[in-house]
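Turn these sequences into a full structure, and let the hints guide you.
Chain order of the listed sequences is E and R. Okay, so the first sequence: first residue is 88 according to this note's numbering, each after it adds one. Okay, so the second sequence: first residue is 243 according to this note's numbering, each after it adds one.
Bear in mind the hints are in silico, worked out from the structure with no lab data behind them. Built from N, CA and C at the ideal position, the CB exists for glycine as well. Keep in mind that the hints are not guaranteed to be accurate.
[Unchecked claim] Label pairs and their in silico Cβ distance ranges:
no., chain 1, residue 1, chain 2, residue 2, range
1, R, 407, E, 150, 36 to 46 Å
2, R, 248, E, 203, 27 to 37 Å
3, R, 407, E, 187, 32 to 42 Å
4, R, 413, E, 99, 23 to 33 Å
5, E, 138, R, 397, 28 to 38 Å
6, R, 264, E, 134, 33 to 43 Å
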Amino acid sequence: MTARGTVARLLSAAGVVLGVCTLVFLLVHLVPGDPVDAMLGESARPADRAALRQALGLDRPLLEQYAGYLGGLARLDLGRSFQDQRPVADILAERFPATLELAGAALALALLLAVPMGVLAARYRGGAIDNGAMVFSLLGIALPNFWLGPLLILVFSLWLGWTPVSGSAGGLSLVLPAITLGTALAAILARMVRASMLEVLQEDYVRTARAKGLSEAVVLRRHALRNALLPVLTLVGLQLGGLLGGAVITETVFSWPGVGSLLVESIHARDFPVVQGCVLLISLIYVLVNTATDLAYAWIDPRIATRSGAK
Amino acid sequence: MKPLWRWGPILVVGLWALAALLGPMLPLSPNQVDLAQILAPPAPALPLGADDLGRPVLDRLLVGARTAFVVAVGVVLVSAALGALVGGLAGLAGGWLDLLVVRVIDVFLAFPGILLAIALAGILGPGLGNVIIALAAVGWVGYARLARGQILSLATREHVTAARALGVPPFRLLLRHLLPLAMAPLIVEATFGVAAAVIAEAGLSFLGLGVQPPAASWGSMIRDGVAYMLVAPHLVLFPGLATLLVVLAVNLLGDRLRDRADVRARAAG
Numbered sequence: 088m089t090a091r092g093t094v095a096r097l098l099s100a101a102g103v104v105l106g107v108c109t110l111v112f113l114l115v116h117l118v119p120g121d122p123v124d125a126m127l128g129e130s131a132r133p134a135d136r137a138a139l140r141q142a143l144g145l146d147r148p149l150l151e152q153y154a155g156y157l158g159g160l161a162r163l164d165l166g167r168s169f170q171d172q173r174p175v176a177d178i179l180a181e182r183f184p185a186t187l188e189l190a191g192a193a194l195a196l197a198l199l200l201a202v203p204m205g206v207l208a209a210r211y212r213g214g215a216i217d218n219g220a221m222v223f224s225l226l227g228i229a230l231p232n233f234w235l236g237p238l239l240i241l242v243f244s245l246w247l248g249w250t251p252v253s254g255s256a257g258g259l260s261l262v263l264p265a266i267t268l269g270t271a272l273a274a275i276l277a278r279m280v281r282a283s284m285l286e287v288l289q290e291d292y293v294r295t296a297r298a299k300g301l302s303e304a305v306v307l308r309r310h311a312l313r314n315a316l317l318p319v320l321t322l323v324g325l326q327l328g329g330l331l332g333g334a335v336i337t338e339t340v341f342s343w344p345g346v347g348s349l350l351v352e353s354i355h356a357r358d359f360p361v362v363q364g365c366v367l368l369i370s371l372i373y374v375l376v377n378t379a380t381d382l383a384y385a386w387i388d389p390r391i392a393t394r395s396g397a398k
Numbered sequence: 243m244k245p246l247w248r249w250g251p252i253l254v255v256g257l258w259a260l261a262a263l264l265g266p267m268l269p270l271s272p273n274q275v276d277l278a279q280i281l282a283p284p285a286p287a288l289p290l291g292a293d294d295l296g297r298p299v300l301d302r303l304l305v306g307a308r309t310a311f312v313v314a315v316g317v318v319l320v321s322a323a324l325g326a327l328v329g330g331l332a333g334l335a336g337g338w339l340d341l342l343v344v345r346v347i348d349v350f351l352a353f354p355g356i357l358l359a360i361a362l363a364g365i366l367g368p369g370l371g372n373v374i375i376a377l378a379a380v381g382w383v384g385y386a387r388l389a390r391g392q393i394l395s396l397a398t399r400e401h402v403t404a405a406r407a408l409g410v411p412p413f414r415l416l417l418r419h420l421l422p423l424a425m426a427p428l429i430v431e432a433t434f435g436v437a438a439a440v441i442a443e444a445g446l447s448f449l450g451l452g453v454q455p456p457a458a459s460w461g462s463m464i465r466d467g468v469a470y471m472l473v474a475p476h477l478v479l480f481p482g483l484a485t486l487l488v489v490l491a492v493n494l495l496g497d498r499l500r501d502r503a504d505v506r507a508r509a510a511g
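Rendered as structure tokens:
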């Protein structure tokens, strides 16, 4: 990507980041009625309400609060938790590694399943593998992870006793949550890899590679898959959104101590600064990953660079 | 295999709609606590067994079908109408309004999956109406982007130029001359939107952010059933199976619709 293209992409990402921060700030103000009522309940004493309102700065004009919120973000100050008065940033830093571990494992699992499945389905189009892959992708997308998770626990933890029921102790405890979270992504990716491979397999360079007598495995892996994976990579970035959103439910199912279960806990505790912090962190990671994918994509595939440079 | 493939999805969606629409007229007792039947397994008199309070699972499943249906239809109608209007007007107006809408769409798309809906539903508080608001607030964006793209490509058609020359006001131009032509892709999107809304509603209810007890939702049934999974797996099995079947059927119908719309687009092009 040209320098100008890179700068333009970064600027638009910065705009989106500002928009995300604004929307997260507004989240609490969207509550119909008074956010203080929502936090304390209707029966709270007037003195408590006034104190909380002042502590949150809710008595100040909205624009001033907004400026204060953005200023805090710039210093990585996300406010303090209502429950234990700890800085939200500290709580997030504590919980984030677990989410990263889970999302990483789910992504790796999805790729490991989807790429071979998609390649073989495309190679043996209409055959048994193709049909199997299609059934898998239909089911994988329709299986709710709040159902798949409990089912896996029932079979592997309760009946077979192979894995712990919940929590994150030891490597085995990662297996079921990763399967639960990764299945839907694997299903979507398998479909994409298959479609992308079908297109690439019709290209002239694949015919040339076959004509010069390369083995089918080499043709598939070196000539077809490498080209087919490029468009899939950007889509992985976009699909990461589903993965991060799904992590909230998966973490809750398995009592996984990540940002997702923190979000649900703080919603139930009406701890709004922590709710805001969780949503902000997860969304910003998503924006970051997608911007990075776009830039990397242009770097890997120079054809994109010329196109966006010409624009 | 063939007839099952062809009619299965239609049958499932039909049964779902029927259960949702006729539910209130059926003699159901979804909240009837019967201590003698606590965690009873499926039996001829109690086809799907009873839950932890002895309530009949079948009755609750049918009420849950209605919950899912009301939310799905509500969310899709609200978000499609809102999205088509906002996206359509932006595409038609162009200029700074279009730029603003595109930016807003970008910001909404920057929130991963169901995350924003979870936060919104959590902050708004539980209840059927709030679930619909939360999901529509997230869902309109897809329709807006689609409608905007459609309108941009349709705006140069001759009948649109003619209507403009005749002085048709923009709003009427959008409703009468542009959106009807953009319907096919919007309907396909709406079909997938139904499936997404069913999963999302059940997901929110699973997290305790959906309908309030004692109202039934497939998601809250799974949530309540998880604690008794070892002794009474049917509490988790049946509502999950219902969700899976409905989502699968709607997705299959959506695929079919999309293929058909594609063929028409190709033939016309």
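| query | Any hints this thing doesn't respect? Which numbers, in order? | reply | 3, 5 and 6
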